[in-house]
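Given only the sequences and the hints, what does the whole structure look like? Please build it.
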Amino acid sequence: MATIKQHIKQLLKLASTLLLLGCLSCTSTLQVEGDFPRPVIHQLPLQVAVHYQDDFRRYRYVEKSEKRSKWEINIGNAQVALFDTVLPAMFENVVQVSNIGPQENADIDLFFEPYVEEFQYNMPRETKVNMFEVWIKYNMKVYDGQGLLIADWILTAYGKTPTAFMKSEENALNEAMIIALRDVGAGLSLKFSHIPEINSWLNKHGQLQ
Amino acid sequence: MKNLFKQTSTLYLLLTLALSACTSVTIDQVKHVPSELKDGESIVVIGRRSGNDYETEPELISCIGKTLLKGNNPMNVIPEQEFVDRLYPWFEARTAPVHVWDLQRLLSFDDIAQIIDEYNVHYIVWIDGVTEKTRGGGSISCGLSPAGVSCFGFGTWDEKAEYEASVWDYRTKKLVGKVSSVADGTSYMPAIVIPIPLLAQVQSQACSAMANQLQSFFSSSQNQANE
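Residue numbers (our numbering), protein chains in the order written: chain A, 1 to 209; chain B, 1 to 227.
Quick caveat, the hints were computed from the structure, so don't treat them as lab data.
Heads up, the beta-carbon is just placed ideally off N, CA and C, and yes, glycines get one too.
Hints are supplied without guarantee of correctness; some may be wrong.
Claimed, not checked - In silico PhoX-like links for lysine-lysine, alpha-carbon gap of 20 Å or less:
# : chain 1 : residue 1 : chain 2 : residue 2
1 : B       : K174      : A       : K128
2 : B       : K133      : A       : K167
3 : B       : K160      : B       : K133
4 : B       : K178      : A       : K128
5 : A       : K141      : A       : K191
As the list claims (entries may be wrong) - Some chain A residues flagged as far from chain B (calculated, every beta-carbon gap over 12 Å):
#  : residue
6  : P37
7  : P45
8  : R60
9  : E63
10 : N74
11 : V97
12 : E117
13 : G147
14 : P162
15 : G206
Structural data, given as structure tokens:
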């Protein structure tokens, strides 16, 4: 009888150790996925080349703080999908290039290069509101056809989604991410012509109606 | 023994029915001009998402939309996500028109006017509000016993669902009126071995009350405007 009790105790110890080890290495991974609608906006008759750096294409946020849950959020594919939807609605012709500067067999008016400066998120347990929140700070750069910098500005994106019964953290965070990406798409498509340097360039090249 | 089981079950059922019914709803309406939805015309119900510390729940908007599609006076309701996607980026949280006169600015862009005309939209209903927990009390503790996990205790919490609908006439670009709905309810969770949630359906009560009021708002028989 005593031997059986000892076995049970050992098994319980083993199970609790495994559980503890398992939880310590728990990392939630989120591959952000979603569809983006094409904006309904005035299209500029320009040939634009977009350059996505590898860091941008594969952008991944890894939570390093010891005080927070471990999260790995892969945004690269989703943000490339957003810009691939928004830019062709903004400009008559959009191509992807591997470098900024005069291109062979292509007459490019502008080069566009987005870059993620900063990413932050909040989980409901970390704030007083029952909300998943996401902030992304983008640095947008626009160059002329010769590769000279015309404009360089910051565009912030914000997305939030409320907690809901039976909604997983992954789904809620994904929703907040998609809303933030839609927000950057809205900001870019509606404010592009209002950036002073771009407005001046468009005026100079007779592109503003 | 069988009788005792029956009595206990009946007691639980009565307790459940009695306690889960603790929700009260208050509806208020103000109408500035008469409103009527004619055959073939549509309405769109959209949630306001510009609040800093809350967000009108998409489930509530979808619930109101689905309820308006049913009943004695069913309406053509355009699903929120479909409308917002078709008109991207003009109805996003930070870009949506805040005042009814902002519609005029939007419609100066032909493509937007054309899409809204395709849907034959007459009214745009903006819902703003949230369901939140206002008070909580009690405690439940769970532990491991030879029979398995068992819980004991009692928990209770109050919820308040407060929403306001602003009805815009897309044709005249005027605010037609407002409908507000406030639902309060108390939920209970007694735990004797297993927790038994007795939930007050605060949000769904607010949804059906708001939808019913909107149906009468647009019906021709209720076409008196409060001057």
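Each hint tested on the structure:
For the given pair, B/K174 sits about 37 Å from A/K128 by alpha-carbon distance, which is inconsistent with the 20 Å threshold. A hinted pair counts as satisfied when its Cα atoms are at most 20 Å apart, and B/K133 with A/K167 qualifies at roughly 18 Å. Taking the CA atoms of B/K160 and B/K133, the gap is near 6 Å; set against the 20 Å cutoff, the hint holds. With a C-alpha separation of about 30 Å, the suggested pair B/K178 and A/K128 falls outside the 20 Å cut-off, and the hint is violated.
Note on A/K141 and A/K191: the hinted pairing holds, with a Cα-Cα distance of about 14 Å set against a maximum of 20 Å. With 12 Å as the threshold on Cβ separation, the claim that A/P37 sits away from chain B is violated: the shortest Cβ distance comes to roughly 4 Å. Taking the minimum C-beta to C-beta distance to chain B, about 16 Å, the non-interface status of A/P45 holds against the 12 Å cut. The beta carbon of A/R60 is kept farther than 12 Å from every beta carbon of chain B, the shortest such distance being approximately 26 Å.
At roughly 24 Å from the closest C-beta of chain B, the C-beta of A/E63 stays outside 12 Å, upholding its exclusion from the interface. At roughly 24 Å from the closest C-beta of chain B, the C-beta of A/N74 stays outside 12 Å, upholding its exclusion from the interface. Non-interface call for A/V97 relative to chain B: holds, since the shortest CB-CB distance, roughly 26 Å, exceeds 12 Å. The claim that A/E117 is not at the interface with chain B holds, since no C-beta of that chain comes within 12 Å of its own (minimum 19 Å).
Distance to chain B confirms A/G147 as a non-interface residue, since its nearest Cβ pair spans about 29 Å, more than 12 Å. The claim that A/P162 lies off the interface is violated: its Cβ sits roughly 5 Å from the closest Cβ of chain B, which falls inside the 12 Å cut-off. The Cβ of A/G206 sits about 21 Å from the closest Cβ of chain B, beyond the 12 Å cut-off, so the non-interface label holds.
The structure is inconsistent with the numbered hints 1, 4, 6 and 14, although it conforms to all the rest.
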